[in-house]
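J.: Given next are the chains, with one letter for each unit.
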Amino acid sequence: MHYCAICGIERAQVIRPKNGQKLCRSCFIDAFEMEIHTTILESGIMLTRGERIAIGASGGKDSTVLAAVLKVLNERYDYGVEFILLSIDEGIHGYRDDSLETVKRNAVQYGMELCILGYEALYGWTMDQVVEKVGKKGNCTYCGVFRRQALDRGAKHLNISHILTGHNADDIAETILMNFLRGDLPRLGRCAEIITASQASTMKRSKPLKYAYEKEIVLYAHYRGLDYFSTECVYSPEAFRGNARALLKDLEKIRPSSVLDIVRSGEHLIHYPATTQILKSGMPHNEMNKDAGISVRGNENEGGLLKMRQVASSQLESKCASKTQGTTKPQTEALHIQSIGNCERCGYMSSQPICKACVLVENLNKTYPSIAVSVKEY
Amino acid sequence: MATDSIAINVELAGGLEILFNNERKLNVELPATTANGSPPNINYLVGHLCDHHMKDSRRELFELQGTVRPGILVLINDADWELEGEGEYELKPKDQILFVSTLHGG
Amino acid sequence: MEFEVTMADIAKKPKPTAPSLCKRCNQNPPAITMRHEALCQDCFTTYIRTKFTRYMEPFRVKRGTELVRRKLMFATSFGVASTALLDLLHWHRSLQLERARRVEYDIQVVHIDESVVLGEQEGVEERLEKLREQYPQFEFSSSPLDRIYDLGNAAVEQLISDTEALNLDAPPMASMTPDINAPTGIEKLRSLLAHLNSRASQMDIVAILRSRLLIELAKKNACEAIFFADSMTRMAAMVLAEVTKGRGHALPWLISDGPTPYGPVKIVRPLRELTKIEISEYTTFCSLWPFCSISQEKATVQKPPVNMKNQTIDEVMGRFFEDVSNAHLVANVVKTAAKLEFPDDNNRVERLGLCEICGLPMDEEPKYRRINAQKLAGVEVREVQQPQVGSKDALDTDARIYCLEPPEGEEDLKERRCYGCRRSTLGAGKVDWPINNR
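Chains as they are written, first to last, in the UniProt record's numbering: chain A, 1 to 378; chain B, 1 to 106; chain C, 1 to 438.
No lab work stands behind these hints, which were simulated from the structure alone. No incorrect hints appear here.
Subject to a maximum C-alpha distance of 30 Å in a straight line, what follows is the list of computed BS3-like cross-link-like pairs (lysine-lysine):
| # | chain 1 | residue 1 | chain 2 | residue 2 |
| --- | --- | --- | --- | --- |
| 1 | A | 156 | C | 367 |
| 2 | A | 204 | A | 156 |
| 3 | C | 375 | A | 204 |
| 4 | C | 188 | C | 309 |
| 5 | C | 414 | C | 309 |
| 6 | A | 253 | B | 94 |
| 7 | C | 71 | C | 51 |
| 8 | C | 71 | C | 220 |
| 9 | C | 430 | C | 367 |
| 10 | C | 367 | A | 71 |
| 11 | B | 92 | A | 253 |
| 12 | B | 92 | C | 309 |
| 13 | C | 219 | C | 130 |
| 14 | A | 104 | A | 136 |
| 15 | C | 430 | A | 253 |
| 16 | C | 309 | C | 430 |
| 17 | C | 130 | C | 220 |
| 18 | C | 298 | A | 253 |
| 19 | C | 219 | C | 414 |
| 20 | C | 220 | C | 188 |
| 21 | A | 204 | C | 367 |
| 22 | B | 25 | A | 104 |
| 23 | B | 25 | B | 55 |
| 24 | C | 367 | A | 253 |
| 25 | C | 430 | C | 220 |
| 26 | C | 309 | A | 253 |
| 27 | A | 253 | B | 55 |
| 28 | C | 62 | C | 220 |
| 29 | B | 55 | A | 136 |
| 30 | C | 188 | C | 430 |
| 31 | B | 94 | B | 55 |
| 32 | A | 253 | C | 414 |
| 33 | B | 25 | A | 253 |
| 34 | A | 204 | A | 104 |
| 35 | C | 367 | C | 414 |
| 36 | C | 414 | C | 430 |
| 37 | C | 51 | C | 219 |
| 38 | B | 25 | B | 92 |
| 39 | A | 71 | A | 104 |
The whole structure should be built from the sequences, with the hints applied where relevant.
T.: Right, dumping it as structure tokens:
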């Protein structure tokens, strides 16, 4: 039998994937809650006293644990914040019916206000109707795009400007791997961000469970006897995500800290628009970095490797001429700057003249099958 | 005969119950010694559950390479199985074994 | 460029093609379908050599210039890609001699003997002998991994004598005379590895030691560049493996060609545009399999993992990309990694320096990276709420969120060792590291 590494009295029941520490049930619950409190304090999530904040609630393990922990922390550390559960009803028969019942129970258990918003009211289509129209393949795209906007729209409706979601460390690590595998550079540059906000919208989204392992979320729910709903979405799970997920589970088996280590790597890949502007205004590159070969990173399209080669060979050839070489380094900022505006139809923030949800709805409203869209927002 | 079998309690959660005809709790009797002469362990239990209790053809959603599929958490008497020797843990009478999937739903 | 075949040359050739003939020359029957194109053996070989030759541009013949033979190093593992690259270098150099009557470079081929880690390696000498016979114009040698301890020390001594020569304050030396009882390099290496917590960590540290030893050897032998036989497939695995080990902050240095942050020797990876399958086909067409440490049969069959828990991260990633069903993802990963921009790099290296283990630039806590990025851009930053002094909160984020506590008495470790190297040396206590960044 192992004793708890913190209290030294109780039987250890949990082995923490982050560091292999063996803890008893109550020390684990304390440590788990403390880490989320730390995350909230240090990541700039900034809960302001008196603020009303929405929790995106699906009735699943992540959002249920999020709501339960936030209730505890709000009382223990006196955040002075009012939380509201915000649920989206996609209109999937048999899936949401039961999970919404769970959310309703959660609202009572945690003493939080609940708001349920339907796809039908927002877009004129339930997911069941979407699937009837486009088939089971690719419907996750619709669901994902619709859901993302639905939360924002719902919050706006409630006059709330901050949404907390239940994305956990595994979700984020998986998304980082997936964006590499898909070659999606812009998303790679932002998927590890803990807070996402845009200039065109006052809506802020944060992920307080960003550093929490899926495994620990399940254990926390189990040890606290939380009431959550779990079933697979009846429509096909996204195959590609499954691929990255299986890889992640293999890695976790070898080195349990891997999930967190990938998140850490991803945080260093976050592309801060602020720093982009420095480059634009021509901040000088110092000598050391020129020599370190930083300019080797290439350019858009097929240019990537090609540029890499050109720069690499020019470096090899001109031993000392790097002063001039360095300043002609390929500039790729334009790639990252997406001007965010508003959708011409619905006014929701969009990088295109018409937002993705409106495009999808338009497609649904037409008689022919939809164009293939393979985007999932995170 | 009582000495020839071990009775344990198995619980399924996190969506796994779907594979077992929505039954959350199972009373399982295992032979005190298995075909290879050793007492039954968790890996044996996993195979046993697939063979005798699972009501779904998708065995791979529960078992992979002779053990529990990665992403399914196992608690032995309410403690993480990693503290107890994982699949090699030898079952004792009245053990409480919980299988909970982490993979389903957010 | 005067004699090399370019893609443009190849592109000129095709006329309307009969389906049964090579897509490029339209003369020979196709021998291989590569990237949706059926090619004959000659055209495929040309394709491989063209891709390779692009990276040899800096080493081409410059007519009318004074001949200075450049010294290059090539690191071989005796694997398939190593064997193919050696043959390509041989081809390239022979072509220079044939067409220009002069060669621009000499190559020292080095094999790092890791038997101290992996157990006795069979036939290293035989293999080297075989290669010497096949490629008499190259110089071959092997060096044991623990040699890094000698070279590292020599480098420190050099540094000290340099400092003395400059008449600066020389750091006090414990003893200048060798201690007979001092542990040997092998003992130190074994002890270092024995203190690491998993095979994944051990192999990560071994890989770092290997590249650092190679760089030191190149430096010692006055080689200006060192060639690695990393294929595109291998690079993709490397990218995701390093991301998984928490070295995302150093990705550009890990995968780009050019000098390392800790020294002027340049790294060249001329096979980076070729997939593992293409290189393997080239090996077949050029009858190079007898020189490989692995047989053709073994190389093409996928091995199932023996013991999942004892795998390394690199092995898992390697298998993921070698799996044919994932082969199409290789280019995505490599291209994406190549496009990454780290605008705050310069500032970061200046502020934080290099990691004492891997020699690559240090990382910093994500919180500070964000704040610094904003400060750099002149954005007003709301200060992070300060934790209460004396509370559990007073520890840093690395300890509290990443649970990466510094070892007793080394609270400043995070200022010297990057996140990835702290993970791989977690619980190892004081590390006797053989080599410094200079």
